[in-house]
Amino acid sequence: MILKGKVFKFGDNIDTDAIIPARYLNSSDPEELKKHCMEDADAGFASNVKKGDLIVAGGNFGCGSSREHAPRAIKACGVSAVIAKSFARIFYRNSFNIGLLILEADTNEIDSGDILAVDTGKGEIKDISKGVTIRTKPVPKFMADLVSAGGLIEHAKKRIKGGSRK
Amino acid sequence: MTITEKIILAHTDLEALLPGDIVSARVDIALGNDITAPIAIKEFETIGIKDVFDKEKIALVPDHFVPNKDILSAKQAKMLREFARKYDIKYYFESGEAGIEHVLLPEKGIVLPGDLIIGADSHTCTYGALGAFATGVGSTDLAYAMAFGEIWLKVPHSVKIIFDGKPKKWVSGKDLVLYLIGKIGVEGANYTALEFSGTAFKYLGMADRFTIANMAVEAGAKSGIFEPDEITKEYVSSRISRDYIFYKSDVNSEYINIFSYNASEINPQVAFPHLPENSIDINEASAKNIKIDQSVIGSCTNGRIEDLRIAAEVLKGKRVAKYVRLIVIPATPEIYRMAEKEGLIDIFMDAGAVVSTPTCGPCLGGYMGVLAEYERAISSTNRNFKGRMGDITSEVYLANPAVCAASAVIGKISGPDDVL
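Protein sequences appear in the order of chains E and P.
Be aware that the first sequence starts at 1, since it is given in our numbering, and climbs by one per residue.
Be aware that the second sequence starts at 167, since it is given in our numbering, and climbs by one per residue.
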């Protein structure tokens, strides 16, 4: 799969309060959440982001609360993938569970506005604007299978159909 | 094997496991609250099953925006209530019985040593204080766990944290954990299990262990755990509802890192905006003359009776500084009642504090103490991210309840010795 899109770049330790502030957690409607996505890190993000764009960040992206509203808000904005140096663990597992693609890579050279072509099969990010290629860290097989199954709930549905609920 | 590896193994059908393995584990308790459970409930209902895996192993605790702060919050709380009624969920708590989940479940003996607990709340790691493996997950994980009683887990590597020595007066679990996060950073324990030990814990109680395990996630950890001992036994023995197991790490257990600190040299800590790792000594912090608008004493980190007793010790006979709001939030109805009987509520109200019903409320900028632009709060809670307690320009300083109480009296960040 090749994903091509424009970069919205963020720094280190982007916490879930910045991704979707708790003042909006009285709703879990994706249409509501996406209006406020990244609001406390970049107030213009929700109105400027387009389907297929990419979030690129430094280390520890998604730290803080377990709120699944965070990856759901990003997904609802049409962001095709989040690429960061590292992810906080609950955000990491939530993203796989809901089928939001996230990739670990050295993001130092990538800037806001760059156009990237991400080849998920090859594990390569081409920064077309800069003319550089960056490797992504391999995704554990279990996690890759989870994403290709469509997330944890799809996996659960198959399990029920297969009659394997103990 | 470490205590963490032993508990996870005991909840699988495997013969052995290693850190890094991805396993499916059985859960003893799956937990959700009024923010996270609504998504889990919606997802659960799409799976296509008629019942939950075990109605006695699910806990639904409305605590974040309850008593309902607005119409939307009321709708979310209603979803929990209706789900609990539909599936006859044993551990559902209505306002009046409900408190902050991570204080309530141990108090009621619902989570016990040796358990494997998952919760759709990052501070689920609190229960590690009991010698349980407990970790925060997302709503979809909770939906899956409610259906199958299982969770997928990557077995974490363990990191040993040793605090030796007798802590000074006014130094609590909060100070040790803020000190630790200051040393290793907010990403310092990413994906690992923090195993706490050392002689300092002979001098501290269960409340301090809960506070420390609670904030393991603020260093990025998957879990924090204490080996259970006599102090654990004394805490759980009057609350147990079922059997429990004390696990211990083998002497030849493998740790990817060991950090050792002298607890007797640590002073109360204050974590400056906007990360919990920005912790400094109270003496250094108070010298900066930082004026505050609000002080919050409560939360899953520091809303226990021990915390309220310490705050009352500082506040007795004192008045909160003019134009400063002090908000005290007992974490559960039982704690509220104890505080009332012990005369603590009178001390707080005489000092000019507002005492709230149990709720997470202000900790996450929900309600019951939200900050306006450029306002500053000192808080016994766990996070000081930008905008965490209100307006994006507001600031949160994290500290123990004694420092929060003293700061409320003086009107700027201060230690208890400045008041007494």
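Calculated from the structure, these hints are not laboratory results.
Take these hints with a grain of salt, some might be off.
[To be verified] Calculated pairs, DSS-like style, for lysine-lysine (alpha carbon to alpha carbon, straight line, at most 25 Å):
| id | chain 1 | residue 1 | chain 2 | residue 2 |
| --- | --- | --- | --- | --- |
| 1 | E | Lys161 | P | Lys507 |
| 2 | P | Lys414 | P | Lys454 |
| 3 | P | Lys507 | E | Lys35 |
| 4 | P | Lys244 | E | Lys34 |
[Claimed, not checked] Looking from chain P toward chain E, a few residues come up when the C-beta cut is under 10 Å (computed):
| id | residue |
| --- | --- |
| 5 | Ala286 |
| 6 | Phe314 |
| 7 | Leu441 |
| 8 | Gly483 |
| 9 | Thr523 |
| 10 | Met534 |
| 11 | Val536 |
| 12 | Ala538 |
| 13 | Lys552 |
Backbone N, C-alpha and C fix where the C-beta goes; we use that ideal spot for every residue, glycine too.
Hint-by-hint comparison with the structure:
no.	hint	in the structure
1	E:Lys161 <-> P:Lys507	violated (55 Å)
2	P:Lys414 <-> P:Lys454	violated (44 Å)
3	P:Lys507 <-> E:Lys35	violated (47 Å)
4	P:Lys244 <-> E:Lys34	holds (24 Å)
5	Ala286	holds (6 Å)
6	Phe314	holds (6 Å)
7	Leu441	holds (6 Å)
8	Gly483	violated (36 Å)
9	Thr523	violated (18 Å)
10	Met534	violated (13 Å)
11	Val536	holds (8 Å)
12	Ala538	violated (13 Å)
13	Lys552	holds (6 Å)
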